[in-house]
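Chains as they are written, first to last, in our numbering: chain A, 1 to 349; chain B, 1 to 293.
Please note: incorrect hints may appear among the correct ones.
Unchecked claim - Below, in silico cross-link-like pairs of lysine to any residue (SDA-like), each with a Cα-Cα straight-line distance of 25 Å or less:
1. B:Lys30 - A:Arg221
2. A:Lys23 - B:Lys280
3. B:Lys265 - A:Leu122
4. B:Lys280 - A:Asp209
5. B:Lys30 - A:Leu210
6. B:Lys119 - A:Leu311
7. A:Lys125 - B:Pro219
8. B:Lys30 - A:Leu139
9. A:Lys125 - B:Met87
10. B:Lys280 - A:Leu122
11. A:Lys125 - B:Pro281
12. B:Lys280 - A:Glu213
13. B:Lys280 - A:Arg123
14. B:Lys280 - A:Ser208
15. B:Lys265 - A:Glu213
16. A:Lys125 - B:Lys119
17. B:Lys280 - A:Leu139
18. B:Lys265 - A:Trp147
19. B:Lys30 - A:Ser208
20. B:Lys265 - A:Gly152
21. B:Lys265 - A:Pro120
22. B:Lys265 - A:Ser149
23. B:Lys265 - A:His146
24. B:Lys265 - A:Ile325
25. A:Lys23 - B:Leu284
26. B:Lys30 - A:Gly126
27. B:Lys280 - A:Arg221
28. A:Lys125 - B:Gly89
29. B:Lys280 - A:Ser171
30. A:Lys125 - B:Val275
31. A:Lys125 - B:Leu284
32. B:Lys280 - A:Ile325
33. B:Lys265 - A:Met154
34. B:Lys280 - A:Ile116
35. B:Lys265 - A:Thr249
36. A:Lys125 - B:Ile279
These aren't lab readings, by the way, just hints derived from the structure by calculation.
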Amino acid sequence: MKRLPSGIYNETYAKDMAVIRTKAHWFWAVLALAVSFCLPLIVSATVLQLVIKIAIYILAAIGLNILVGYAGQISMAHAAFMALGAYTAAILNNHGVPFPLGIIAGGFLAGGIGIIVGFPSLRIKGFYLILATMAAQFLIIYVIEHWGSLTGGMFGLEAGIPELFGFDLSSDQAMYEVTLIFLIAGTFFAQNLSRTRTGRAMVAVRDSDLAAEVMGINIARYKLIAFFIGCFYAGVAGALIANWMGAITTHLFHMNLSIWLLAYCLIGGLGHNLGPFFGVPILILISEALTEMTTALSSQFPWLLTTIVPLHDLIYGLAIVLFLIFQPRGLGHRWNIFKASYRLWPFSY
Amino acid sequence: MIFFFQILISGIAVGGVYALVGLGLVLIYKSTGVLNIAQGAVVMMMAFIIYCLSVQAGLPFLLAILISLLLAMLLGFLVERLCLRPMIGQPLFSTIMMTIGIMLILQSIPVMIWGTSLKAYPKFLPDQSYNIGGVLISPDYLWGFVISMVLFSAFVLYFRYSRAGIVMRAVADHQMAAQSMGVNISRVSGIAWAFSCLVAAVGGVVLATITSVGVFLGPIGLKAWPAVIIGGLDSIPGALIGGIIVGVLEGLSGGYLENVFMGIKDVAPYAILLVILLIKPYGLFGLERIERI
């Protein structure tokens, strides 16, 4: 139930269903779009790189949010699916396929493998599923690392130059726009998915799979659809990473990244469409700040350099634990409360 | 042939340790319904603490182990009280994420304190390997296996005959029924966590004696999961058999397939895990929960 500001009524069905409802809403949406497309002109190069990284991880986290937050299927293999997308895109780039096609193909390959990995979910759930997906994470990375003739093995792979109609898009500015287009499309799709029959069926499966089946929802179908969509997002995000970085290794997609992605979703709020937009920037900015701080202080305290990685993990672990205890519904829920209260201000009823 | 038996025996010995660490998982799962993903991290943390006590503080090795066992139980109590108690009544995902968060914390603290370089315990076992019909058994493996098995049987007996053990089984069987019989469920889950960390500490000592003390102990401790999944999450004998299956499998794939597929040793248990989950989702000895409409 969305509360509208006073004096605004929905008079048609289309108005009632609109994502962007009021004039103020439209104003802010257009302004945000304009600012985000012009961002490379405003910010410095280092900030832009950070923003690209955040945007790509948001895209991956949206996929995980659909899989975990909507369909309730916990996946610890999301980083491996990103790796699948990244390697597909890199290999296709090297064979001269236009890079948007490579990105989409990466998404489809990851989604296809995601369906295969999702098959155990038809029979098992909960802890068993988390272990099955964790096994998938290890196995996928193992195959990529040891299929040297195709993937370059341990040494990684050159991803080639993202090129379209003869234009070289490998600069940060160009990659930022490409990432932004994919992010907007992904967000739009996710926002609408949650309001369709498919999205609602996924929520029903999450809340009680037995009840969902009684109501005539084909559980197997919607679980596999969720796996496909979630992994498709991961594949696209991975492919964007490959195009942006120019070279990839499996170290970019280790097990911890899967855990971090879960943490992003959790802190943003599971099953909340805006969740990734809160969770990813906050945690990434914290870890970047930690890195900056430890590097800056390392001239006086050289031992600090070795503590960057564990400190980062420690902060993520603490964030997960504290959020679960004190704010289990994430920042997205906080945002909803804030929105409701400012719309009704100064009368709280 | 001797090579085969050599691999088999060391596989069984390592499998015994996996079984012991897996016993900790089964204990918690049976009494609270939570799978502790942080178990590998506890193994690593306790191995480092024993290193700290015995080498850095200079205590006798056995005393160091005793103190660390007490610390491990304390850690278990604390984790249960501070982190898992608020998760009662929350969805399953929350408890899973909670143990993942605990894993990240417990894994990072030892690295921050002791760094990533490998360390070793003082030598306290003889160097001489035992020779049985041409098969060499190193004392680390033998004693590791013996200790694991003694502790394992002690727990089996404890569950069968002691009052506290029977109470824990009652909670595992039906929480509400146990509560109405006057069982203090929160205390039982605290005890389960303490015991689980205790066996993880013993597993840590044994694994670190066989190899060395280092960050890699965390992922090794993780191999207790395939073990308990293969055996069935809620079965104590299943943990033993699953552990030995994983140990032997790892040894065999490492011994015979390593030339063809490098690094297969570490993923083989997970491959088997996937197959077993597809064919027999509740493991070899696990209780099948049938849900039909």
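Here is what the structure says about each hint:
1. B:Lys30 - A:Arg221: At roughly 32 Å apart (the allowed maximum being 25 Å), arginine 221 of chain A and lysine 30 of chain B break the hint.
2. A:Lys23 - B:Lys280: Measuring from Cα to Cα gives roughly 57 Å; hence the hint is violated.
3. B:Lys265 - A:Leu122: violated (29 Å)
4. B:Lys280 - A:Asp209: holds (20 Å)
5. B:Lys30 - A:Leu210: holds (24 Å)
6. B:Lys119 - A:Leu311: Roughly 21 Å separates the two Cα atoms, so the pair holds.
7. A:Lys125 - B:Pro219: holds (23 Å)
8. B:Lys30 - A:Leu139: It is violated: about 29 Å lies between the C-alpha atoms, which goes past 25 Å.
9. A:Lys125 - B:Met87: Holds: lysine 125 of chain A and methionine 87 of chain B sit about 19 Å apart, inside 25 Å.
10. B:Lys280 - A:Leu122: Cα-Cα ~13 Å, so holds.
11. A:Lys125 - B:Pro281: Measuring from Cα to Cα gives roughly 10 Å; hence the hint holds.
12. B:Lys280 - A:Glu213: Within the cut-off at roughly 22 Å; holds.
13. B:Lys280 - A:Arg123: holds (9 Å)
14. B:Lys280 - A:Ser208: holds (23 Å)
15. B:Lys265 - A:Glu213: violated (41 Å)
16. A:Lys125 - B:Lys119: The given pair, whose Cα atoms are some 39 Å apart, is violated under the 25 Å limit.
17. B:Lys280 - A:Leu139: Status holds; Cα separation ~20 Å.
18. B:Lys265 - A:Trp147: holds (16 Å)
19. B:Lys30 - A:Ser208: holds (23 Å)
20. B:Lys265 - A:Gly152: holds (21 Å)
21. B:Lys265 - A:Pro120: holds (23 Å)
22. B:Lys265 - A:Ser149: holds (21 Å)
23. B:Lys265 - A:His146: Between lysine 265 of chain B and histidine 146 of chain A the Cα gap is close to 13 Å, so the pair holds against 25 Å.
24. B:Lys265 - A:Ile325: At roughly 38 Å apart (the allowed maximum being 25 Å), isoleucine 325 of chain A and lysine 265 of chain B break the hint.
25. A:Lys23 - B:Leu284: violated (61 Å)
26. B:Lys30 - A:Gly126: The hint holds at about 15 Å.
27. B:Lys280 - A:Arg221: Satisfied, since the Cα-Cα distance of roughly 21 Å is no more than 25 Å.
28. A:Lys125 - B:Gly89: Since the Cα atoms of lysine 125 of chain A and glycine 89 of chain B sit roughly 18 Å apart, the hinted pair holds (cutoff 25 Å).
29. B:Lys280 - A:Ser171: Roughly 51 Å between the alpha carbons, so the hint for lysine 280 of chain B and serine 171 of chain A is violated.
30. A:Lys125 - B:Val275: Between lysine 125 of chain A and valine 275 of chain B the Cα gap is close to 15 Å, so the pair holds against 25 Å.
31. A:Lys125 - B:Leu284: holds (17 Å)
32. B:Lys280 - A:Ile325: With Cα atoms ~35 Å apart, lysine 280 of chain B and isoleucine 325 of chain A exceed 25 Å; violated.
33. B:Lys265 - A:Met154: Distance of about 17 Å is within 25 Å: holds.
34. B:Lys280 - A:Ile116: With Cα atoms ~17 Å apart, lysine 280 of chain B and isoleucine 116 of chain A stay inside 25 Å; holds.
35. B:Lys265 - A:Thr249: At roughly 21 Å apart (the allowed maximum being 25 Å), threonine 249 of chain A and lysine 265 of chain B satisfy the hint.
36. A:Lys125 - B:Ile279: holds (14 Å)
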